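There are 2 protein chains.
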Amino acid sequence: MIQRRGLLAAVAILASLPLLPAAAQEVVEKKVFEAGEFRTRGGATIPNTRIGYQTMGKLNAAGDNAVLICHFFSGNSHAFGRLSAGGPAGYWDAIIGPGKAIDTEKYFVVSADTLVNVNVPDASTVTTGPASINPDTGRPYGMTFPVIAMRDFVEVQKKLLDSLGVKRLALVAGPSNGGLQTIEWAAAYPDFVERAMPVIAAEIDAWMQGWLDIWEAPIRLDPNWREGDYYGQGREPPLKGLAEAWKIVTLHARDRLWAKQYDRKLPEGQDPARKIGDRFAIEKWLDDAAAARARTSDANSFLYMVRANQLFLNDYPSLAAAMEGAAKRWLVIPSPTDRVFVLDGAREFIEVLRKAGKQVDTAEVTGPLGHLNGVVGMAPLADRIRAFLGA
Amino acid sequence: MIQRRGLLAAVAILASLPLLPAAAQEVVEKKVFEAGEFRTRGGATIPNTRIGYQTMGKLNAAGDNAVLICHFFSGNSHAFGRLSAGGPAGYWDAIIGPGKAIDTEKYFVVSADTLVNVNVPDASTVTTGPASINPDTGRPYGMTFPVIAMRDFVEVQKKLLDSLGVKRLALVAGPSNGGLQTIEWAAAYPDFVERAMPVIAAEIDAWMQGWLDIWEAPIRLDPNWREGDYYGQGREPPLKGLAEAWKIVTLHARDRLWAKQYDRKLPEGQDPARKIGDRFAIEKWLDDAAAARARTSDANSFLYMVRANQLFLNDYPSLAAAMEGAAKRWLVIPSPTDRVFVLDGAREFIEVLRKAGKQVDTAEVTGPLGHLNGVVGMAPLADRIRAFLGA
Numbered sequence: 001m002i003q004r005r006g007l008l009a010a011v012a013i014l015a016s017l018p019l020l021p022a023a024a025q026e027v028v029e030k031k032v033f034e035a036g037e038f039r040t041r042g043g044a045t046i047p048n049t050r051i052g053y054q055t056m057g058k059l060n061a062a063g064d065n066a067v068l069i070c071h072f073f074s075g076n077s078h079a080f081g082r083l084s085a086g087g088p089a090g091y092w093d094a095i096i097g098p099g100k101a102i103d104t105e106k107y108f109v110v111s112a113d114t115l116v117n118v119n120v121p122d123a124s125t126v127t128t129g130p131a132s133i134n135p136d137t138g139r140p141y142g143m144t145f146p147v148i149a150m151r152d153f154v155e156v157q158k159k160l161l162d163s164l165g166v167k168r169l170a171l172v173a174g175p176s177n178g179g180l181q182t183i184e185w186a187a188a189y190p191d192f193v194e195r196a197m198p199v200i201a202a203e204i205d206a207w208m209q210g211w212l213d214i215w216e217a218p219i220r221l222d223p224n225w226r227e228g229d230y231y232g233q234g235r236e237p238p239l240k241g242l243a244e245a246w247k248i249v250t251l252h253a254r255d256r257l258w259a260k261q262y263d264r265k266l267p268e269g270q271d272p273a274r275k276i277g278d279r280f281a282i283e284k285w286l287d288d289a290a291a292a293r294a295r296t297s298d299a300n301s302f303l304y305m306v307r308a309n310q311l312f313l314n315d316y317p318s319l320a321a322a323m324e325g326a327a328k329r330w331l332v333i334p335s336p337t338d339r340v341f342v343l344d345g346a347r348e349f350i351e352v353l354r355k356a357g358k359q360v361d362t363a364e365v366t367g368p369l370g371h372l373n374g375v376v377g378m379a380p381l382a383d384r385i386r387a388f389l390g391a
Numbered sequence: 001m002i003q004r005r006g007l008l009a010a011v012a013i014l015a016s017l018p019l020l021p022a023a024a025q026e027v028v029e030k031k032v033f034e035a036g037e038f039r040t041r042g043g044a045t046i047p048n049t050r051i052g053y054q055t056m057g058k059l060n061a062a063g064d065n066a067v068l069i070c071h072f073f074s075g076n077s078h079a080f081g082r083l084s085a086g087g088p089a090g091y092w093d094a095i096i097g098p099g100k101a102i103d104t105e106k107y108f109v110v111s112a113d114t115l116v117n118v119n120v121p122d123a124s125t126v127t128t129g130p131a132s133i134n135p136d137t138g139r140p141y142g143m144t145f146p147v148i149a150m151r152d153f154v155e156v157q158k159k160l161l162d163s164l165g166v167k168r169l170a171l172v173a174g175p176s177n178g179g180l181q182t183i184e185w186a187a188a189y190p191d192f193v194e195r196a197m198p199v200i201a202a203e204i205d206a207w208m209q210g211w212l213d214i215w216e217a218p219i220r221l222d223p224n225w226r227e228g229d230y231y232g233q234g235r236e237p238p239l240k241g242l243a244e245a246w247k248i249v250t251l252h253a254r255d256r257l258w259a260k261q262y263d264r265k266l267p268e269g270q271d272p273a274r275k276i277g278d279r280f281a282i283e284k285w286l287d288d289a290a291a292a293r294a295r296t297s298d299a300n301s302f303l304y305m306v307r308a309n310q311l312f313l314n315d316y317p318s319l320a321a322a323m324e325g326a327a328k329r330w331l332v333i334p335s336p337t338d339r340v341f342v343l344d345g346a347r348e349f350i351e352v353l354r355k356a357g358k359q360v361d362t363a364e365v366t367g368p369l370g371h372l373n374g375v376v377g378m379a380p381l382a383d384r385i386r387a388f389l390g391a
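Order-wise, the sequence lines are chains W and L. In this text, residue positions in the first sequence follow this note's numbering: the first is 1, and each later residue adds one. In this text, residue positions in the second sequence follow this note's numbering: the first is 1, and each later residue adds one.
There are no misleading hints in this set.
Remember, identical chains collapse to one label, so a pair may be satisfied in a single copy or spanning two.
Below, in silico cross-link-like pairs of lysine-lysine (DSBU-like), each with a Cα-Cα straight-line distance of 30 Å or less:
| hint | residue 1 | residue 2 |
| --- | --- | --- |
| 1 | LYS158 | LYS275 |
| 2 | LYS30 | LYS159 |
| 3 | LYS265 | LYS358 |
| 4 | LYS260 | LYS328 |
| 5 | LYS275 | LYS159 |
| 6 | LYS260 | LYS355 |
What the hints contain is simulated information worked out from the structure, not anything from laboratory work. Just so it is clear, the structure is predicted and the values come from calculations on it, not from any experiment.
Start from the sequences, fold in the hints, and give me the full structure.
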């Protein structure tokens, strides 16, 4: 199998994040924030709200050297450092740490798990969502959990930052869903947010709402989903539907250049030109990757995460209206081959910011991975980010 | 509900094709071609193969004024004319007919239903596929029907053209799946094909094979699919899964500009910010459109149509190898906002043709509909097509 070295190297990044010098292998502690009773934008009350978080660096006396990193759709707070010695590094570890672009010798960096985080079976993820126990019934909420909006993610994070003594964010940043939280933060707390850096994110318009619906649809089709009532003894979670949902996300978040390694390849023993049930290599890879991802996530939480994304900036009549009073300084970083947040959408978002009189820098994150370049390909942007923080 | 007039007009095109002067309302007869026993590229034999077709214009004595129009994934032979007086016009009727760009006063235009056509419940579609009766069992083939490749579409069409006395095609053309057939035709019969005009089509690489798999996956998830054994008394076809499949195709084949009419709109009585089961306007539109489409199509045929697309140019080691000996004169027409065959893929295809020494003209089809511009927005290309045919 002849492969291009550049592609292989890029794909390897996904499989095992790049090794760093031992000195930079910071171990971070995963902590739990008890947010207590939380009132959602939709008007519901959640008792005993809790989320996980991690920090690196020290908050200064003024409380204004803090940075908040928000995670992507399938991620958690693990943006930087290692949760144990020798364990894998966080997804943006290349740009966060001592001496790095977001320098933890200068900044107090915080990253939290969102509400309705999908990684319920992962021991290092702490979230409150449909798989949590409803204290009124002693059983998981399932689909009785209240709807969570993107703004609710921000409000719980604000409580966390308040509890830590943060008075101002020098930067809020994140990729994809984390970029959406960044934009929502900049709209909600313009004076609290000094700089905003959304990466591979732009508006959630009706077209994107439709795509999010397509992502989740296979879950609802799986007979094991049972309207969300699949928790507990003797019940099977809807792993087939959830795997198909992940398959869509997985391909949508990548690009043609990445897929080239599978061009005209067949898995061992498969003959799709003669057997209708047989698979092409790309299908086999997607099947396997998605099935593995399904086992480490929760289907109902996927549905709630989709809805939170669909409710992006839902408190405002339009994107332009939301950005009018928003934070002033922006570094917007699209990926030109992004098939989720397509480039023309990113350009329109930048135009909206400029029309609203913001100070907007832009950069591009590139590589063979399309959307995912913004998660795994940030290292070359280090100088741009450092300059933005220093400006 | 305030809407943009331009968008509404464009959407209206889809709902009811534009009215033409009475003189141009040509009624065409749908005919049946009995292809008899057909040997597939995969080595299987299908007895009693039949497909529907329609023609307009007259074949000349030399048999070399013929044009073949190939249909898109969900289409059939109805590219031009009306099947009854006052009935809807064919999808490319704006460019095919007496005095039009593809002038039926000069050319003998043929268009056929493909094998494994999805429109099984439609009385005017004639196809041979998984819903056809297997003469050995007296029951529908279901998933025992042999795999059909894109090249098989071409081979059955070749038999049809031979039976009609066609000696050479002045042009083969079509949008999307029809563009793929066009490319396959140009590779298979370079001397028979004088000119090729693929519209909104380029290579099916691994990334596209993966997307095609995503399109079909909901069908396999529907418990009513029963491994394809859903035909006959007392059984329900997998309409839910098939509708979800159409939903993906429907959104993928459109674009952001089209979706803007649904931005921040909610269907009557729906409150998705408070009720997890409630829908946004774009979701409701997709649900309704897809459910309607599911009722007029066949799930197994969708699976076979996907496979035929995945087997695009499967007889060749690469796209470049296939194009080396292919027909010489090309007019390639991408849609710049196409999210299925993305613009960089179209550009790479054009580059492959040029490297193979072909004479390649290009044009762009534009509009708010992304991929579908190439189906419903061809009228402005009339002069380009006329010039290409005259060159």
